[in-house]
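**Student:** Here is how the chains run, residue by residue.
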Amino acid sequence: MVLLSAPRWLRSRLTDRFWRVQEVLKYARHFRGRKNRCYKLAVRSVRRAFVKSTKARREKKRFLRALWVTRIEAASLEHGLKYSAFINNLLKSQVELNRKMIADLAIYEPKTFKSLAALAQRRREEGFLAALGDGKEPEGIFSRIVHHY
Amino acid sequence: VAKTSLTSPPWPEAKLPDPVEEAKYHAEVVQKVNKMIATGQYGRLFAVVHFASKQWKITSEDLIMMDNVLEAECGDRIRMEKVLLVGADDFTLIGRPLLGKNLVRVEATVIEKTESWPKINMRFRKKHNYQRKKIITNPQTVLRINTIEIFPCLS
Chain A
1 MVLLSAPRWL
11 RSRLTDRFWR
21 VQEVLKYARH
31 FRGRKNRCYK
41 LAVRSVRRAF
51 VKSTKARREK
61 KRFLRALWVT
71 RIEAASLEHG
81 LKYSAFINNL
91 LKSQVELNRK
101 MIADLAIYEP
111 KTFKSLAALA
121 QRRREEGFLA
131 ALGDGKEPEG
141 IFSRIVHHY
Chain B
150 VAKTSLTSPP
160 WPEAKLPDPV
170 EEAKYHAEVV
180 QKVNKMIATG
190 QYGRLFAVVH
200 FASKQWKITS
210 EDLIMMDNVL
220 EAECGDRIRM
230 EKVLLVGADD
240 FTLIGRPLLG
250 KNLVRVEATV
260 IEKTESWPKI
270 NMRFRKKHNY
280 QRKKIITNPQ
290 TVLRINTIEI
300 FPCLS
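Protein chains in written order, with my numbering: chain A, 1 to 149; chain B, 150 to 304.
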């Protein structure tokens, strides 16, 4: 005859509770205080640590870009240029190096950075001269400026 | 009219050098650099390459790891074409924005194609019994830069 339901003396008991607990505690071993030993406290700390690391991965990009900008600013001030002028004129001269590269070049290749700063300075001066123009007034305009010949 | 503080602008007046003389000077410099490249008077070359949507500063015998899949088998030689900058000790060639393919040649070999270490992505909302845990392994490729060569084709 076939027994369709299990008898009452057969119980299903959890046998690998130790390993399930260790899976969580292994991420908490370097924490401070009782949360590196006690499971109940460790679960909360480990969960917060995971969430913080996921959010930090998005903020790392912003943080690193700010760091590169600070470094480029410091390096360009050594050559007598502000960061805004440097980047603006580099982009106008169609040099498309990103901030990470320029920061690395400023650290490891000072001569190359100096040439980039000189390029930006020259483009800046050319821009000023182009904007100022010839110093003549446009034709057909009657103005109050006095000319001394 | 007497000169006041507002007759001339407060910034220093910038004068550009004479264009004819400048052109001569530029031609001289270009010829010098061409000769240096032709005779091979440079030491170690470094290049800035745009690859896998990132810019890398590379030299020869360099290892590079990208966070994506490359459609090339292990051991394939690859030529990187988007070179932004090449430099040596005495000169640098800056591309606007890229350098020509007949000027620079960057060769690399694919060494390894693995997955990254298991990164844990966890979302948690408090008091709402909501938590999701996901383990992400990105595919990665490791390249070794073999050589960077420049040819004297400046003009």
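It cannot be assumed that every hint is accurate.
Stated by the list, open to error - Computed beta-carbon distance windows for the label pairs:
id, chain 1, residue 1, chain 2, residue 2, range
1, A, F128, B, R293, 27 to 35 Å
2, A, G127, B, F273, 45 to 53 Å
3, B, Q280, A, R122, 37 to 45 Å
Claimed, not checked - With a cut-off of at most 25 Å between alpha-carbon atoms, the simulated DMTMM-like pairs for lysine to aspartate or glutamate come out as follows:
id, chain 1, residue 1, chain 2, residue 2
4, A, K61, A, D104
5, B, K181, B, D225
6, B, K203, B, E170
7, B, K206, A, E126
8, B, K181, A, E109
9, B, K206, A, E59
What the hints contain is simulated information worked out from the structure, not anything from laboratory work.
Each residue gets a CB set at the ideal place from its N, CA and C atoms; glycine is no exception.
**Student:** May I ask you to test the hint 45 to 53 Å on the CB atoms belonging to G127 of chain A and F273 of chain B?
**Tutor:** holds, 52 Å
**Student:** Verify the proposed pairing of K206 of chain B with E126 of chain A, using a straight-line Cα cut of 25 Å.
**Tutor:** violated, 30 Å
**Student:** For the pair we were handed, K181 of chain B and E109 of chain A, check the Cα-Cα distance against 25 Å.
**Tutor:** holds, 21 Å
**Student:** Taking the beta carbons of F128 of chain A and R293 of chain B, is their distance inside 27 to 35 Å?
**Tutor:** 47 Å Cβ-Cβ, so the 27 to 35 Å window is violated.
**Student:** Given the hinted pair K181 of chain B and D225 of chain B, is their Cα-Cα distance within 25 Å?
**Tutor:** violated, 37 Å
**Student:** Regarding the pair K61 of chain A and D104 of chain A, is the alpha-carbon distance no greater than 25 Å?
**Tutor:** holds, 16 Å
**Student:** Compare the distance between the alpha carbons of K206 of chain B and E59 of chain A with 25 Å, and conclude whether the hinted pair is satisfied.
**Tutor:** holds, 24 Å
**Student:** If you check the beta carbons of Q280 of chain B and R122 of chain A, does the distance land in 37 to 45 Å?
**Tutor:** violated, 57 Å
**Student:** Given the hint that K203 of chain B pairs with E170 of chain B, does the C-alpha gap stay at or below 25 Å?
**Tutor:** This hinted pair is violated, its Cα atoms lying about 39 Å apart.
Comparing the model with each earlier hint shows violations of hints 1, 3, 5, 6 and 7; every other hint is respected.
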